Amino acid sequence: MLNTKNKSSGMNKRNRNRLIFYCVFLAFPVLQFCIFYIGVNFNSFLLAFKSYDYSTGLYDWVGFLNFKRVFYDFEHVQYLQMSIRNSLLLYLFTTLTSFLALFFSYYIYKRGPGSKLFQTMLFLPNIISAIVMVVIFKYFVERAIPFVWEEITGQEMEGLLSNLKTQLGTIIFYCCWTGFGVQMLMYSGAMSGISDSVVEAAKLDGATPVREFFSIIFPLIYPTVVTFLVVEVAGIFTNQMNLFNFYGTKAEYNLYTFGYFLYTKIKTENISGYPYLAAMGLVLTAVAVPLTLIIRKVLNKVGPKI
Amino acid sequence: MKNTHNLKKTRLSKMGALLWVLLVILFLYTVSLILPLLWGIFTSLKTQNEFRVNILGIPEGAPWNWAWGNFVYVMQNFYVHITSAELGSVDIGIEEMLLNTILYAVGGAFINTLVPCVVAYITAKFNYKFSGVIYMVVIVTMVLPVVGNTASEMQLVKELGIYDTIWGNWIQKANFMGMYYLVFYATFKGIPKDFSEAAYVDGAGETHVMIRIIFPLVMNIFGTVMLIKFISFWNDYQTPLLFLPSYPTLAYGIYTLSRSSDNDLNTVPMRMAACVLMVIPIVIIFAIFKEKLMSNISMGGVKE
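Going down the list, the protein sequences come from chains S and C. The numbering used here puts the first residue of the first sequence at 1, with every later residue one more than the last. The numbering used here puts the first residue of the second sequence at 307, with every later residue one more than the last.
Some clues are possibly wrong.
To be verified - Here are the computed lysine to aspartate or glutamate pairs in the DMTMM-like style, where the Cα-Cα straight-line distance is at most 25 Å:
hint, chain 1, residue 1, chain 2, residue 2
1, C, LYS315, S, ASP196
2, S, LYS50, S, ASP60
3, C, LYS320, S, GLU200
4, S, LYS250, C, GLU459
5, S, LYS13, C, ASP508
6, C, LYS315, S, GLU269
7, S, LYS267, C, ASP508
8, C, LYS320, S, ASP205
9, C, LYS320, S, ASP53
10, S, LYS265, S, ASP60
11, C, LYS314, S, GLU200
12, S, LYS13, C, GLU503
13, S, LYS13, C, ASP500
14, S, LYS265, C, ASP542
15, S, LYS165, S, GLU142
16, S, LYS267, C, ASP397
17, S, LYS50, C, GLU465
18, S, LYS116, C, GLU597
19, S, LYS68, C, ASP542
20, C, LYS431, C, GLU503
21, C, LYS464, S, GLU269
22, S, LYS265, C, GLU459
23, S, LYS250, C, ASP570
24, C, LYS320, S, ASP60
25, S, LYS250, C, ASP542
26, C, LYS315, S, ASP53
27, C, LYS314, S, ASP205
28, S, LYS250, C, ASP500
29, S, LYS265, C, ASP470
30, S, LYS265, C, GLU465
31, S, LYS116, S, GLU200
32, C, LYS314, S, ASP73
33, S, LYS267, C, ASP542
34, S, LYS267, C, ASP470
35, S, LYS50, C, GLU459
36, C, LYS464, S, GLU142
Since the hints were made in silico from the structure, they are not lab data. Treat the numbers as computed from the prediction; the structure is a model and nothing was measured.
Please model the entire structure based on the sequences and the hints provided.
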């Protein structure tokens, strides 16, 4: 009886110690989450309904005034209209990049000649700082390419970023060109998880690589593909299209994206500008959340069945 | 979580049309990537006068006569001019930028890896209801995109008095959310209870079991995640630009250099030299840990 009592008191002590350990080690991360996630987002929500008063140095409630400004600006301000166009255009091209990355991953999965080298090269832009890549790319397309063109054709050529007709295309090309790395790794990682016996069986049945890719590989890694396509939807509202790397705060209005607009405004505005940006963020979140969920649902529904 | 992929290499003679097309595209891609990088390296080894007449070619003369002095000049004269209430108007040189980069990247990477690791361990091993809540919070915050809350974050860090401080930035980074929490969670769930139970029988406490018994088992994954974060923070300049304006990092410096027009470094060869200097450490790290980085990452997990 005494032994049982001792055992039970030992268990209680251990449970109490476990609970203390649990609380002590979770206290800081949970507090951090409460302040920097819940607090920040809740504050952002409140900020959207306020305005800064210079005379008192405080934020006052202004109701939906900031939202009215946001919607007015969407209708009348050129760079916001351009942001819609460019962000959607970028989404379209990054989605195409996703599919290209899928094929590249397939080549690496099949361990074709040079696949190790190609894997490294596709990942290299993720290792080198974006600002360094952009500085090199910028001078390359502004100086080296026009020089080569002039040498070959004898005609003068404007730099691809200086020329208004080519600058948007050049920047989108840059984003796609440097955007394969992570997706390639994830896709080839997912492909390497496919059982070899499935692929070997298909091969014995005479499946060509095209058939193997579309009938076996793609359906089996479809959940990974969906994840990337869904993440890219959120990118519509956050992707800066590397504009800050290319132009700092001085990009042309016709190049703006939402991500660039929000970042540069925070960089350049003082605290009086924060409520407007918070309202803009709230409006964009209100679009982004349902859009993400809808696209996720649609992709899961229309995907290939295994 | 071993890699099950064991397919043989595909030989040139056995490649179908699809793989041939992909080979050609990947070859062109590799060339398109190497060309500008090589051009950047060669340009960094030219004088400005030489660059004016020789934009594309390799530097003239023997390699030992190339403008290696550009790198020395950049190291001696590369600075960022900052103005802050605390420091006044000062120039930050490359040594200090390197120190800031190390503090920002190493410190940030360590904290940003340690916190998800600890929280994942606790929530995976302790079956309290709150553990389930934390797991759900991570999933929900990953699925739902919140846009444009940086203004609010900026206001908050200013009010908390941690704006423009390195330790404040570490606190900002001490969050457990994101993919790597799930990576650690899955790993801890996969570790059998026997390891910890044996230690409990020997009288070990919870902290001892976590730090001395379980964490050494996941050091490989911890290292990989920290390396990924380190590279990301080393290259990041937009966060320091917003939250640490008085602590310019090397990437921040390159950004400033790429925009400046008021010093001797405002030439293409000098800018390229600064870019090459910035990239060297990270390329060396990549070369050393390439296999670990490239083979250890997969969606929702890090392979052992």
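Status of each hint after checking the structure:
1. LYS315/C / ASP196/S: holds, 13 Å
2. LYS50/S / ASP60/S: Between LYS50/S and ASP60/S the Cα gap is close to 5 Å, so the pair holds against 25 Å.
3. LYS320/C / GLU200/S: Measuring from Cα to Cα gives roughly 15 Å; hence the hint holds.
4. LYS250/S / GLU459/C: Holds, because 24 Å separates the two Cα atoms, which is no more than 25 Å.
5. LYS13/S / ASP508/C: Within the cut-off at roughly 16 Å; holds.
6. LYS315/C / GLU269/S: violated, 56 Å
7. LYS267/S / ASP508/C: Distance ~56 Å between LYS267/S and ASP508/C Cα, so the pair is violated.
8. LYS320/C / ASP205/S: holds, 16 Å
9. LYS320/C / ASP53/S: violated, 73 Å
10. LYS265/S / ASP60/S: holds, 21 Å
11. LYS314/C / GLU200/S: Answer holds: LYS314/C to GLU200/S is near 11 Å, not above 25 Å.
12. LYS13/S / GLU503/C: Given that 25 Å is the threshold and the Cα spacing comes to 16 Å, the pair holds.
13. LYS13/S / ASP500/C: At roughly 21 Å apart (the allowed maximum being 25 Å), ASP500/C and LYS13/S satisfy the hint.
14. LYS265/S / ASP542/C: Within the cut-off at roughly 19 Å; holds.
15. LYS165/S / GLU142/S: holds, 14 Å
16. LYS267/S / ASP397/C: Holds: LYS267/S and ASP397/C sit about 21 Å apart, inside 25 Å.
17. LYS50/S / GLU465/C: With Cα atoms ~17 Å apart, LYS50/S and GLU465/C stay inside 25 Å; holds.
18. LYS116/S / GLU597/C: The hint holds at about 10 Å.
19. LYS68/S / ASP542/C: violated, 35 Å
20. LYS431/C / GLU503/C: holds, 12 Å
21. LYS464/C / GLU269/S: Between LYS464/C and GLU269/S the Cα gap is close to 15 Å, so the pair holds against 25 Å.
22. LYS265/S / GLU459/C: holds, 14 Å
23. LYS250/S / ASP570/C: The given pair, whose Cα atoms are some 23 Å apart, holds under the 25 Å limit.
24. LYS320/C / ASP60/S: It is violated: about 72 Å lies between the C-alpha atoms, which goes past 25 Å.
25. LYS250/S / ASP542/C: holds, 20 Å
26. LYS315/C / ASP53/S: violated, 68 Å
27. LYS314/C / ASP205/S: holds, 18 Å
28. LYS250/S / ASP500/C: violated, 60 Å
29. LYS265/S / ASP470/C: Measuring from Cα to Cα gives roughly 19 Å; hence the hint holds.
30. LYS265/S / GLU465/C: Judged against 25 Å, a Cα distance of about 20 Å means the pair holds.
31. LYS116/S / GLU200/S: holds, 22 Å
32. LYS314/C / ASP73/S: Judged against 25 Å, a Cα distance of about 58 Å means the pair is violated.
33. LYS267/S / ASP542/C: holds, 15 Å
34. LYS267/S / ASP470/C: Holds, at roughly 14 Å.
35. LYS50/S / GLU459/C: Holds, because 16 Å separates the two Cα atoms, which is no more than 25 Å.
36. LYS464/C / GLU142/S: violated, 40 Å
Taken one by one, the earlier hints fail for this structure at numbers 6, 7, 9, 19, 24, 26, 28, 32 and 36, listed in ascending order.
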